[in-house]
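For what it's worth, full-length UniProt numbering labels the leading residue of the sequence shown as 1, then goes sequentially.
In short, the hints are calculated from the structure, not lab data.
It is possible that part of the hints are untrue.
[What the hints assert, rightly or not] Derived BS3-like pairs: lysine-lysine, alpha-carbon spacing no greater than 30 angstroms straight-line:
no.: 1; residue 1: K94; residue 2: K46
no.: 2; residue 1: K22; residue 2: K54
no.: 3; residue 1: K94; residue 2: K75
no.: 4; residue 1: K46; residue 2: K22
no.: 5; residue 1: K75; residue 2: K46
no.: 6; residue 1: K87; residue 2: K54
no.: 7; residue 1: K108; residue 2: K46
no.: 8; residue 1: K108; residue 2: K80
no.: 9; residue 1: K80; residue 2: K46
no.: 10; residue 1: K46; residue 2: K17
no.: 11; residue 1: K85; residue 2: K75
no.: 12; residue 1: K40; residue 2: K80
no.: 13; residue 1: K46; residue 2: K85
no.: 14; residue 1: K108; residue 2: K94
no.: 15; residue 1: K87; residue 2: K17
no.: 16; residue 1: K85; residue 2: K54
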Amino acid sequence: MVRHTGEKNFPCTFCDKRFVTKYLVRLHERVRHMGEQPFKCNFCSKTFFTSSAKSRHERIRHIRDLSYQCDQCTKRFNTKTCLNKHKFLHTGLKPFDCVICQINFARKAALRRHFDSVAHLIRANAILEIEGEH
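Input sequences plus hints: build the corresponding full structure.
Rendered as structure tokens:
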């Protein structure tokens, strides 16, 4: 009945938080204050703070559930994030840009790689030298 009323009658022994069930307060204490990760992957030795994190890990790393399909082609993905990144290839959008080199990229990872490239570093150093002369 307490769960339905929302009364938080179970206080944490370590902080000021309160919970609606004894189970939730014990879980909170174990995870947040004792460093436990009570949710273990069914396929490997990794552990997680929450059951949803464990489920996501299992789906992505082990089950390979490819339930997100691109509506433009036949490719399938295991997360909505991966599908959305893929869609940039169809739209031609390149929202990640290097203002120094005037180059745009469809993926943030590609922009990061570009930042480490020799060509980018040469241009960036040249701009710094020119600005330093003024």
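Now the hints, each set against the structure:
1. Distance check on the hinted pair: K94 and K46 sit about 35 angstroms apart at the alpha-carbon level, beyond 30 angstroms; violated.
2. Among the hinted pairs, K22 with K54 is consistent with the structure: their alpha-carbon atoms are about 22 angstroms apart, no more than 30 angstroms.
3. Proximity of K94 to K75 is assessed by CA-CA distance (about 20 angstroms); at most 30 angstroms being required, the pair is judged to hold.
4. Between the alpha carbons of K46 and K22 the distance comes to roughly 26 angstroms, so the proposed pair stays at or under 30 angstroms and holds.
5. Between K75 and K46, the direct Cα distance comes to roughly 29 angstroms. Compliance with the 30 angstroms bound is thereby established for this hinted pair.
6. Straight-line distance between C-alpha atoms of K87 and K54 comes to about 27 angstroms, which keeps the hinted pair within the 30 angstroms bound.
7. The hinted pair formed by K108 and K46 meets the criterion: a straight-line CA distance of about 27 angstroms does not exceed 30 angstroms.
8. A C-alpha spacing of about 16 angstroms is found between K108 and K80, which places the hinted pair at or below 30 angstroms, so the restraint holds.
9. The straight-line distance between the Cα atoms of K80 and K46 is roughly 23 angstroms, inside the 30 angstroms bound, and the hint therefore holds.
10. For the hint linking K46 to K17, the alpha-carbon distance of about 28 angstroms falls within 30 angstroms, and the restraint holds.
11. In summary, the hint linking K85 to K75 is supported, as the alpha carbons are separated by about 12 angstroms, within the 30 angstroms threshold.
12. Restraint check for K40 and K80: satisfied, since their Cα atoms lie roughly 24 angstroms apart, inside the 30 angstroms limit.
13. Restraint check: the Cα-Cα separation between K46 and K85 comes to about 27 angstroms, which is no more than 30 angstroms; the hinted pair holds.
14. Only pairs whose Cα atoms come within 30 angstroms are accepted, and K108 paired with K94 is accepted, the gap being roughly 9 angstroms.
15. At most 30 angstroms may separate the alpha-carbon atoms for a hinted pair to count; K87 and K17 exceed this at roughly 42 angstroms.
16. For the proposed pair K85 and K54, the alpha carbon gap of about 23 angstroms is at most 30 angstroms, so the pair holds.
Going down the numbered hints, you'll see the structure goes against 1, 15, while the others check out.
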